[in-house]
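Undergrad: Position chain D against the provided structure of chain H, taking the given hints into account.
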Amino acid sequence: MSQAIIEIRDLSLGFSRRRVLASLNLSLGAGEWAVIAGCNGAGKSTLLRAIAGVLLPDAGAITRSAEVPPEKIGFLSDRLSLFEDWTVARAIDFHCRVFQVGEFDDRLVKLLGVGPGSRIRDLSAGERAILHLTLALAQKPALLLVDEVLHMLDPYIRDLFVDALIEAVSDRQAAVVTVNHTFSEIERLPDRVLVMADGRFIVDGTPEELRGLMKKIVSREPLPGGVPCFFRKAEGDYKEYFIYPFHEEMRAKHALDFQDIALPEIIKAFIGGGYEQKRMA
Amino acid sequence: MNRKEWREVGRQSWYFVLAAAGMALLAWLMDLLQGKPLEGEKLVIIFALWLLVFSMFIGLSPFAMDSRQKGMEYLLSLPFSRRRLLLIKLLPRLAAVVLFYLAFVLMYFLIGQDAFGGGFTVFSLAYFAMFFISFSLAVVHESFIVQSLWAGVALGVYLFLCLFIVVLGFAWKFRMPASWIGSRAWLDLSYDASTLLSAIAVFLLMALPFILSFFLAFKRFDLKPARAFNRRQLLVFIPMLILAFAASLGVTYLVQNNSADYESNCHILENRQLLKTSSLGNLDIYGETGRRQIKTGRKLWWEYILFEVPGKVFILGYDVNDSSTSIIRLQLENLAWKVVYSIPDGSEATPGFLFRQSGHVLVFLQRGREQTERSGMKSGLSLKSNRLDLVLLDMNSERSRTISFRSSLFPTFLNPYIFAHDEAGGRSFWLVSGKDGKEQHLLRLWEDGVVEDLGVSKKFPVYFGHLLFSHTASSLVVRRLLASGSETIREIAGKVNVASDYFIGFLDVGEAREIYGTRNTRIIRIDLATLAIGDVGPKRGQVLRVPPADFYYVEHEAWLPSQGRSDKWRKVFRLQGGKPVFIRKFDFNGKWPGHVWIQRHGIVLLDEVKTRFFAFPDLRELKFKKLN
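Those protein sequences? They're chains H and D, same order as listed. The first sequence: position 91 = 91 (my numbering), numbered continuously. Going from the second sequence to my numbering is simple: count from 1 and add 281.
Note that these hints are calculated values from the structure, not bench results. Quick reminder that beta carbons are idealized off the backbone N, C-alpha and C, glycines included. Hints may contain errors.
What the hints assert, rightly or not - Restricting the straight-line Cα-Cα distance to at most 27 Å, the calculated cross-link-like pairs of lysine-lysine (DSSO-like) are:
1) Lys505(D) <-> Lys72(H)
2) Lys278(H) <-> Lys351(D)
3) Lys110(H) <-> Lys285(D)
4) Lys351(D) <-> Lys140(H)
5) Lys907(D) <-> Lys891(D)
6) Lys216(H) <-> Lys140(H)
To be verified - Below, a sample of chain H positions facing chain D; criterion: calculated Cβ distance under 10 Å:
7) Ala52
8) Leu55
9) Pro69
10) Glu71
11) Lys72
12) Ile73
13) Ile92
14) Phe94
15) His95
16) Gln100
If we strip away everything but chain H, and leave its shape as in the complex, we get (with noise of 0.2 Å):
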């Protein structure tokens, strides 16, 4: 990883009683791409917010390097928020004088047909995701944040949008964290996979490390001593065991078929998992 762009210390942040980040830590490198993952609640937006500066954490500190001010981090929150009142055009003409943005490229924008006088609250939830990724990207951010906003595009515009944001890593050597529940599309994309339960990481990787570190067994019986099980799933008669952490040693030790499996399941896996400890605590 090149050097931190950004480093999150401790960082904790509630809501009333409710605490939804616990101590949590994070190094991210220029130009790296990070995808959060998590069951739902487990504190993704909310980190993402406290990231943007739009909440304070209660305890610890984010810290930004000097290549990454203020408005070189461009942050698109599930909620889409602009002023709804206003028209595309003093959307636009507002982010850019606040954000100094000397070019404006609006192609995206103009693909899916948006004038500029139609009003924000016109707007479908896609439209309005694309036109909040043109007005990021127009910041040319060193940092880019996206919460979970894809499953609202369309497939072909999926597509767009996420070439938009490998145009801004390429290019830009921005860095990009994004918050997904769906893979599918950018299973190939991220330089880091981490995932969140109850306020704190419970696994950071890369894909290659994920994917070694975490074997499935189906079975109908039950899993000997000595292997980890991290999630286990019914599937009819059958059993679905999430093996992790998983070493090369238990194929020789166990007579068991160790599946490789694809990243959305492994993360699928951690998910279920973060869930099977929440119940349990």
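TA: Just chain D now, kept in the frame of chain H:
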């Protein structure tokens, strides 16, 4: 961002102007229907009330639009620090509030100066306070209605605290208990420069906790529920409010306690010395050689009263600590002082200016408080029971006696006062007048406790040369009082005013041969032997009596035709033998509050700069060392 806020405030201000114009139009139409022209004062009042609403609305509005448009998250993600964001919100709103205030001031001075009476200052301070308080509550709740309710409550508490301090300031200024300051003190915030200064300081200091706590708490403002923000603001606000309250009290005390005090009374004594009731419990006597101080050690608020017998003066003091009222005797030679009479617990005497001296006897009326129902007037006695006591204090022996009277007429009396003492058939009597409805009701109180009804008078009665002068609606009735009843000896037609005894503390009229008064715009003389009326000259001032029965005329440079303008000069004449004899002219050069105060032994001249003293009969100016 700035442009967005200026546009938003501009739009809100425009709506406000339209609404204000609409209300003014409505008022005009309503007046038109009633056949009246629209009054400037009414317009000013409408605009002022609407301004208060505006200052609250504009104060509460900074985040209301952003929130309504679901733009709060976007707003907080903009690259501005919280403090800068708040300043961006504050400045256009403050500019609008100031601009509207200036427009209001212009309107007020052009067309509606009589709109509020003395309430202009308190309105101005409340207007700005409303804005700052509302601004500090801009994120107190998500609902604008709840925000408005909070702003109303906060303003109410704020005004109560501010006015409480202002009232205390008046108490410190005038050295009187705060309970004596009327509830309408808020109309007198510009009573003088020091009061205005301290009022502005109080209103500012008390507004600071609101705005400062908001700025401090706003450093950590985010999307969390308002409750968390409120708790943070409250934690800062409460200690700051306590500090501001203490600072306001301190500033008010310093300013008001040390400010010029026109209430300090100066009395020229018979021996041409000066007695000054300068501060709480302390007296100064000034002579040509210097000053002598009397410190009673008690917190006495000196009433407007001074009676003298050779070597002694008697003054009335209200003890601020125990709320008792006492008559204090001061020996002029050795300055020894002593309480010679205390109003009994639960009793109430007539106000100091209604005490009377008759020879060496100090006489006043007294009523048990439990039998008295207070009227709306601060110092008045409304006699709802049928008992009234006359207290006689011998100023030589310093002993007192009380004569009780009972009459079914007493309950209707308001502010009864003694205006004469005489004898008939070898028995002493005192004449008492009390307000009964719109008239004065006259009673004769005999020394043996008998009460005699002498009918009513439309104006204050007087008693000279053993004759009672009372008024009907169109004449002056002259009666001689007999041992029982009275006989009318003359009725003088026309609106005749005889120099009133109401504020004169002396009943000894001596062997008066003539009295003076006014009829319409002329000064007249009444010969007490023949009751013939003679014309003295035009009236451009006041006719005053100085005990025992000397009459003076003070001519004003700016009399009725030019009311409202300060006098450049006033001339004093002695009225004698039907002619005004010029004594002295006093120049004020238009300086407020040029005032000639005629006392028993001389004239006290008050102007903006200093107080000067002139002794009767020649009005020679008296100089006192270490005074002023």
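Undergrad: Look at each hint and say if it fits the structure.
TA: Hints, one by one, checked against the model:
Distance check on the hinted pair: lysine 505(D) and lysine 72(H) sit about 24 Å apart at the alpha-carbon level, within 27 Å; holds. Restraint check for lysine 278(H) and lysine 351(D): not satisfied, since their Cα atoms lie roughly 33 Å apart, outside the 27 Å limit. With a CA separation close to 25 Å, the supplied pair lysine 110(H) and lysine 285(D) stays within the 27 Å bound. Distance check on the hinted pair: lysine 351(D) and lysine 140(H) sit about 25 Å apart at the alpha-carbon level, within 27 Å; holds.
With a C-alpha separation of about 13 Å, the suggested pairing of lysine 907(D) with lysine 891(D) holds against the 27 Å cut-off. Straight-line distance between C-alpha atoms of lysine 216(H) and lysine 140(H) comes to about 42 Å, which puts the hinted pair past the 27 Å bound. Taking 10 Å as the C-beta contact cut-off toward chain D, the hint placing alanine 52(H) at the interface holds, the least distance being around 5 Å. Because the beta carbon of leucine 55(H) sits about 5 Å from the nearest beta carbon in chain D, less than 10 Å, this interface hint is met.
Taking 10 Å as the C-beta contact cut-off toward chain D, the hint placing proline 69(H) at the interface holds, the least distance being around 7 Å. With a cut of 10 Å, the hint placing glutamate 71(H) at the interface with chain D holds, because the nearest CB-to-CB distance is about 4 Å. Because the smallest distance between the Cβ of lysine 72(H) and any Cβ of chain D comes to about 8 Å, under 10 Å, the interface hint for this residue holds. Nearest Cβ of chain D to the Cβ of isoleucine 73(H): about 8 Å, under the 10 Å cut. The hint holds.
Proximity of isoleucine 92(H) to chain D is violated relative to the hint, the smallest CB-CB distance being about 13 Å (cut-off 10 Å). Checking phenylalanine 94(H) against chain D by beta carbon gives a least distance of about 6 Å; that is within 10 Å, so the hint holds. For histidine 95(H), the interface hint holds, since its Cβ comes within 10 Å of a Cβ in chain D; the closest pair sits about 9 Å apart. Interface restraint check: glutamine 100(H) against chain D, minimum CB-CB distance 9 Å, threshold 10 Å, status holds.
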